[in-house]
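Residue-level listing of the chains:
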Amino acid sequence: MLNHFAITLKSIIRDRIFHGIIFSALIFLLIPSVASLSMRQVTELAMTLSLSLISFVLLLLSLFLGGTHLWRDIERRYTYSVLSWPTSRSVFLVGKFTGTAVFIFSVALLLGIVASLTVLITSGLYPPERPVVWDVFFLAIILDACKYILLVAFAFLFSSVATSFFLPIFGTICIYFVGNASQQVYDYVQSPATVGISSVTRTAATFVYYLLPNFSAFDLKVNAVYHIPVHGIGIMLTSAYFVTYLSIVIALAALLFEKREIQ
Amino acid sequence: MGGNTKRHTAVLCFCCLLYALIIGPLSTVMGSKPSAEKLGALPTIATLKFISADQKLLIGSSLVMRVITYFGGVVEMSKNNIDVSPDFLMMSRTIHAAVKLDPYNIDSYYFAQSFLPWEVGQVDVANSLLIEGMRYRTWDWYLPFFVAFNNSYFKHDFKSAAFYYQKAAELSGQELHISLAGRFMQESGQTDHAIAYLTLMAKGARNPLAQKNYETRLAAFKQVRLIEKATERFTTKYSRVAVSLDELVRLGFLETVPTDPYGGTFFLQSDGKVGTTSKFSFKKMTGKEQQGGATP
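So the protein sequences, as listed, match chains A and B. According to my numbering, the residues represented by the first sequence are 8 to 270, in order. According to my numbering, the residues represented by the second sequence are 445 to 740, in order.
Derived from the structure by calculation, the hints contain no laboratory data. C-beta: ideal position from N, C-alpha, C; glycine also. Heads up, some of the hints might be wrong.
Said to hold, decoys possible - Short, incomplete list of chain B residues facing chain A, as computed with Cβ under 8 Å:
#: 1; residue: Lys493
#: 2; residue: Leu501
#: 3; residue: Ser505
#: 4; residue: Met509
#: 5; residue: Ile550
#: 6; residue: Asp551
#: 7; residue: Tyr554
Unchecked claim - Residues of chain B clear of chain A, computed beta-carbon distances all greater than 12 Å:
#: 8; residue: Leu461
#: 9; residue: Leu462
#: 10; residue: Val473
#: 11; residue: Ala485
#: 12; residue: Leu502
#: 13; residue: Val508
#: 14; residue: Thr538
#: 15; residue: Ile575
#: 16; residue: Lys647
#: 17; residue: Arg677
#: 18; residue: Arg684
#: 19; residue: Thr703
What the hints assert, rightly or not - Incomplete in silico selection of chain A near chain B, CB under 10 Å:
#: 20; residue: Met54
#: 21; residue: Ser59
#: 22; residue: Thr105
#: 23; residue: Asp151
#: 24; residue: Ala188
#: 25; residue: Phe222
#: 26; residue: Phe225
#: 27; residue: Asp226
For reference, chain A alone in the conformation it holds in the complex (with noise of 0.2 Å):
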């Protein structure tokens, strides 16, 4: 498995990926300037808009690394060869799985630390009203990683079955849209504004809700950001969540994956 992880590295910085995050790494220099146009928050937009930086970034990685890796191995015909070794497809898929994981890891950590040098600089000129929260803003960073770690999960997943790029490029937005909205509408479901619907409608929004992956208990921007305290019962929560969400995801994509039939 280490060969296959070792191999997806070194695929992944061969395919100049690194180019396009350093160019990206270039746009937390305008922040500091575009920040300074808040009227009364100007670290906090420093820090929403080097948050959501991040975020973006790793959602492209997500879908194009994710959502292309694996299926091109395939279509290149590169596993054929991979898979005469004496090694088993799931344990393929793993290594590239995990090898896509930490890229999106170190990427995660490579970017929080330029951010945090811009959030520095914005609040050496704009001192806020309140501290930054260091800690908290690389919680935020490393659970929002966490979170698109889940999403290439769901890419592979998609991979292990797809015989195009549609299914995982497509299938992956829907499940960031989806994971993303699934906490909303669980609530909306449960509010009093719901008295009138019924009981079985009820039940199967719960039942979706706890079978989709809840993206909201990943997200501590505004945690970050506004000094919100953070419940350590939460974040051991969610990160019991993540390990367990993300073993059945990628159990789920193995086996699809030893069954497939490969031409």
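On the provided structure of chain A, position chain B as indicated by the hints.
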């Protein structure tokens, strides 16, 4: 090969030239677009929340920025004597949408406060937005301060103003807010409440200057309360409002006319309320105020 490169370079230069010719007129056309087009049509809040996904703070901030930029443009046009009336309704809608996406963003409230009560006269809309914001920005004294100001300045609802100034004072600890809270309590006929509040604040003040200020205001309010009690007894006995403090002294309801520690002179307003020429501050009084025209 060399010929190809030259041809490609020539095509590229031609395209750049074409772009330079087009970009100027395009900017002019974009600049003259109607306000609704500039602010753009807003989808429903539910749709906005869905499409914002995990970028709600960013979209919220960008909506506020869009309104600020738009309003700035309109103001700039007015300065150049170009008559353009801002689309306040769309501005208000956009700010409300921004608040739904990011209820913590102070820029939304700050900007809404700058135009809703002033330009549009929508004091209640501004207040409801600010009060909603207080649920989120629990540490921020600006929001209750704005509500208090709107209530006192625009609505003349001094009781409510006192309530929100007190909230602002609790959050900021600023002497100004404490003084304003006390003053509006007195103004709304809650002099006892104001005295109790200022007594508490004076005891807790660490700064000697602030403590001195509270004590002065407290002393003034105690004098006001003394006069109020005398007028109440007078009204009970004579079934009418006393005309002046001299009348209260002459008929034995007051021993002497109480002294205003701020250096002003107490007087009775036509509705029987107690006023002072100092307006409860040490500022230099104008001749008009000294003639008894000023009310607190």
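Per-residue hint verdict: Tyr554(B), partner chain A, C-beta under 8 Å: holds (5 Å)
Cut-off 10 Å, beta-carbon criterion: hint that Asp226(A) touches chain B: Interface hint status for Asp226(A): holds (6 Å vs cutoff 10 Å).
Outside-interface status for Arg677(B) - nearest CB in chain A farther than 12 Å: It holds; Arg677(B) is separated from chain A by about 50 Å at its closest Cβ, greater than 12 Å.
Hint check, Leu501(B) versus chain A [nearest Cβ-Cβ separation less than 8 Å]: holds (5 Å)
Restraint satisfaction for Ala188(A) [CB to CB of chain B, less than 10 Å]: holds (5 Å)
Whether Leu461(B) stays farther than 12 Å from all C-beta atoms of chain A, as the label says: Non-interface label stands for Leu461(B): nearest chain A Cβ at 27 Å, farther than 12 Å.
Given hint Met54(A) near chain B, where the shortest CB pair must fall under 10 Å: holds (9 Å)
Distal placement of Thr703(B) relative to chain A, Cβ over 12 Å: Given that every Cβ of chain A is farther than 12 Å from that of Thr703(B), nearest at about 42 Å, it holds.
Given hint Phe222(A) near chain B, where the shortest CB pair must fall under 10 Å: Cβ of Phe222(A) sits 6 Å from chain B, so the hint holds.
Least C-beta distance from Arg684(B) to chain A larger than 12 Å: Its Cβ never comes within 12 Å of chain A, the nearest being 52 Å, so this holds.
Agreement of hint Ser505(B) with chain A interface, Cβ distance less than 8 Å: holds (6 Å)
Status of the hint placing Thr105(A) at chain B (closest C-beta pair under 10 Å): violated (24 Å)
Figure legend: structure checked against the earlier numbered hints; hints not met, in rising order: 12, 13 and 22.
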